[in-house]
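These protein sequence lines are chains A and B, in that order.
If you want this note's numbering, it's the 1-based position in the first sequence plus 15.
If you want this note's numbering, it's the 1-based position in the second sequence plus 15.
Simulated from the structure, these hints should not be mistaken for lab results.
A quick note: this is a predicted structure, and the numbers were derived from the prediction, not measured.
Be aware that a few hints might be false.
Same chains, same label: a pair holds when it works inside one copy or across any pair of copies.
[Unchecked claim] Here are the computed lysine to aspartate or glutamate pairs in the EDC-like style, where the Cα-Cα straight-line distance is at most 20 Å:
hint, residue 1, residue 2
1, LYS342, GLU124
2, LYS341, GLU189
3, LYS286, ASP91
4, LYS60, GLU119
5, LYS272, ASP231
6, LYS332, GLU318
7, LYS339, GLU133
8, LYS31, ASP151
9, LYS214, GLU145
Protein chains: 2
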Amino acid sequence: MEEWGAELAKSALSLKEPVMEIPARTLSNTIWDEKARMLRLGPEKIHRRFLDVKESRRFMQTVLMLRLIVDAIRADVYPTIRDLYYNGKHTIVFKDPLGRVHRENTWDEQAESNGVIEDIEVATNILREEMGISADVKGKVVGPIVVRSQGYELDASKFGETALSLPVNVDALEIVKVEASYVLVIEKDAIFQRLVREKFWSQENAVLITAKGMPDRATRRFVKRLNEEYRLPVYVLTDGDPYGIYIYSVYKSGSIKLSYESERLATPKAKFLGVAPLDIERYKIPDQFVIRATDRDIKRAQELLKYPWFQNDVWKKELEYFLKTKKKVEIEALSAHGLKYLHDYIKDKIRGNKFID
Amino acid sequence: MEEWGAELAKSALSLKEPVMEIPARTLSNTIWDEKARMLRLGPEKIHRRFLDVKESRRFMQTVLMLRLIVDAIRADVYPTIRDLYYNGKHTIVFKDPLGRVHRENTWDEQAESNGVIEDIEVATNILREEMGISADVKGKVVGPIVVRSQGYELDASKFGETALSLPVNVDALEIVKVEASYVLVIEKDAIFQRLVREKFWSQENAVLITAKGMPDRATRRFVKRLNEEYRLPVYVLTDGDPYGIYIYSVYKSGSIKLSYESERLATPKAKFLGVAPLDIERYKIPDQFVIRATDRDIKRAQELLKYPWFQNDVWKKELEYFLKTKKKVEIEALSAHGLKYLHDYIKDKIRGNKFID
Numbered sequence: 016m017e018e019w020g021a022e023l024a025k026s027a028l029s030l031k032e033p034v035m036e037i038p039a040r041t042l043s044n045t046i047w048d049e050k051a052r053m054l055r056l057g058p059e060k061i062h063r064r065f066l067d068v069k070e071s072r073r074f075m076q077t078v079l080m081l082r083l084i085v086d087a088i089r090a091d092v093y094p095t096i097r098d099l100y101y102n103g104k105h106t107i108v109f110k111d112p113l114g115r116v117h118r119e120n121t122w123d124e125q126a127e128s129n130g131v132i133e134d135i136e137v138a139t140n141i142l143r144e145e146m147g148i149s150a151d152v153k154g155k156v157v158g159p160i161v162v163r164s165q166g167y168e169l170d171a172s173k174f175g176e177t178a179l180s181l182p183v184n185v186d187a188l189e190i191v192k193v194e195a196s197y198v199l200v201i202e203k204d205a206i207f208q209r210l211v212r213e214k215f216w217s218q219e220n221a222v223l224i225t226a227k228g229m230p231d232r233a234t235r236r237f238v239k240r241l242n243e244e245y246r247l248p249v250y251v252l253t254d255g256d257p258y259g260i261y262i263y264s265v266y267k268s269g270s271i272k273l274s275y276e277s278e279r280l281a282t283p284k285a286k287f288l289g290v291a292p293l294d295i296e297r298y299k300i301p302d303q304f305v306i307r308a309t310d311r312d313i314k315r316a317q318e319l320l321k322y323p324w325f326q327n328d329v330w331k332k333e334l335e336y337f338l339k340t341k342k343k344v345e346i347e348a349l350s351a352h353g354l355k356y357l358h359d360y361i362k363d364k365i366r367g368n369k370f371i372d
Numbered sequence: 016m017e018e019w020g021a022e023l024a025k026s027a028l029s030l031k032e033p034v035m036e037i038p039a040r041t042l043s044n045t046i047w048d049e050k051a052r053m054l055r056l057g058p059e060k061i062h063r064r065f066l067d068v069k070e071s072r073r074f075m076q077t078v079l080m081l082r083l084i085v086d087a088i089r090a091d092v093y094p095t096i097r098d099l100y101y102n103g104k105h106t107i108v109f110k111d112p113l114g115r116v117h118r119e120n121t122w123d124e125q126a127e128s129n130g131v132i133e134d135i136e137v138a139t140n141i142l143r144e145e146m147g148i149s150a151d152v153k154g155k156v157v158g159p160i161v162v163r164s165q166g167y168e169l170d171a172s173k174f175g176e177t178a179l180s181l182p183v184n185v186d187a188l189e190i191v192k193v194e195a196s197y198v199l200v201i202e203k204d205a206i207f208q209r210l211v212r213e214k215f216w217s218q219e220n221a222v223l224i225t226a227k228g229m230p231d232r233a234t235r236r237f238v239k240r241l242n243e244e245y246r247l248p249v250y251v252l253t254d255g256d257p258y259g260i261y262i263y264s265v266y267k268s269g270s271i272k273l274s275y276e277s278e279r280l281a282t283p284k285a286k287f288l289g290v291a292p293l294d295i296e297r298y299k300i301p302d303q304f305v306i307r308a309t310d311r312d313i314k315r316a317q318e319l320l321k322y323p324w325f326q327n328d329v330w331k332k333e334l335e336y337f338l339k340t341k342k343k344v345e346i347e348a349l350s351a352h353g354l355k356y357l358h359d360y361i362k363d364k365i366r367g368n369k370f371i372d
């Protein structure tokens, strides 16, 4: 990051026009990499020229943000993106050659300063978390894994009924040892708590992770590391509705709008354990436990059908079954067959290779 | 709980009508205890009689739920309230004396089975968490505190950049040692992360806790334990808007609708650190960082003004200032004065006794 700044300064000092080259974060520059099974940014670049009136504002914003971030690192502070917005926002007053006074804000809204941070991420290929920017973290972990954070070793198999909360920057988390058979990612926190208390993870020798619904960046990054660095199979367990499948989709591939993140955060090999639409029949969930889908569910399922990573017969069959029957279920509906049926369900899915890719 | 069941069974076997006595969870039975500074249920009781046609359905539901909970404890499973709903829902088919067939569900909706659980809680004075019922947990902790869960000792001063996630049942968490000067409860998770990474807690010798916005029951119970069992001062740090004050209010007193929980979950001695409405003037937050309040903010502030625990001059002045100026700020706006100003702000508030009761 400092290198990039130094380069820009050098060209300015040598009286050349400083130019920033930044991968374009646009839909037209988002491509589906079939081999990696991942969305990526394409080759298109934006060239932010200092002397281009349309570009100079964003150019200056980027330089300002770079300075704020580097200063924060040097001062050992870990601002949030909002802190950076407020810290960097001020009004520049200047006179033009005709003597008229102009006032301009460095940035007007948080969306503007956030966009600048995203530019810096894709230009430097460094995640904001690694730049020391703080953010919400939802992920928690238990199971046969030992990590080290700032010299402290934490053994997530010795947490009793508590859990280990992930840090913002999971790349600074050293994974000392992980001897698990698989990683189970659980949508619902209460189900995670159940399985912790019922010692499911030690019976199964599995790492359990939840991010309480839609995952944050840190949890996605951590799941990716376990899958790619430690070759652990990753299974995602959600409610039986399109929102659950969407959560799986975010772990697996990220969103189309934020595709520039996918390379660092997505886990293309993650499998969907369930509850799948057809599980209502497969696991004989009684009709009185089935919930009628809303219009929003249906719209979401129609969108899922278009995603490149759902283009296979199995997903088509599942999603079309959902669209035909309009039936959804909560994962807790499995308890109609007994309070421990959830364990049997998970084991049956994994042992029987009944998950979906 | 088993005792209560045994008593009911005894009266049934001795051919007396079984009657359940349950404190009424109604607004008219909610009283403000000025001395304890807490909402409590009053003396009104509901008597659920087995032979009263209007009451027998709820009577049977309560017996069914008691059985499910006791069975779960014996089987070492920890269902969520939704698991219990699904596990206990079935259709009873019976003939009346005229030979007509009737069908009735044990319960129709989750709201119904949840209400039964609440009845059992107030009747037995046992929290659902202690009955082994699982739920979402949002709270995480770092700082000079050592706890023990199922035999495992966890020292929250040795977590590096990670944090300790609270368990569902914090009453089963043994607090081995806590040598803190105070407890800082932080609304925003990202601010919690900042303060963890900046080692604020070790400089201040403080326990830091966040529940990411509106607190869950486990976090409220844990804060109460630290305050009442360990006499630690509790300060709550939120955004400078009525929602932040409302979050403080939930930690301090609970909600009027769920007042039956307050005795076990509220921390009446919790203090509000800020950001208070008048802090915009006190800490000179520039106008361009002030956000205009929405109608919803204003409505919420008007409601807060009516709460018994906000009936003092300081709160009236703060809330009326807000209603007059309609100004709110995010806590990150403090960063306009520098990225480390947040530290100074917290210390100034605590050292200078500038918090609000």
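Legend entry - Numbered hints the structure breaks, given as an ascending list: 2, 3, 4, 7 and 8
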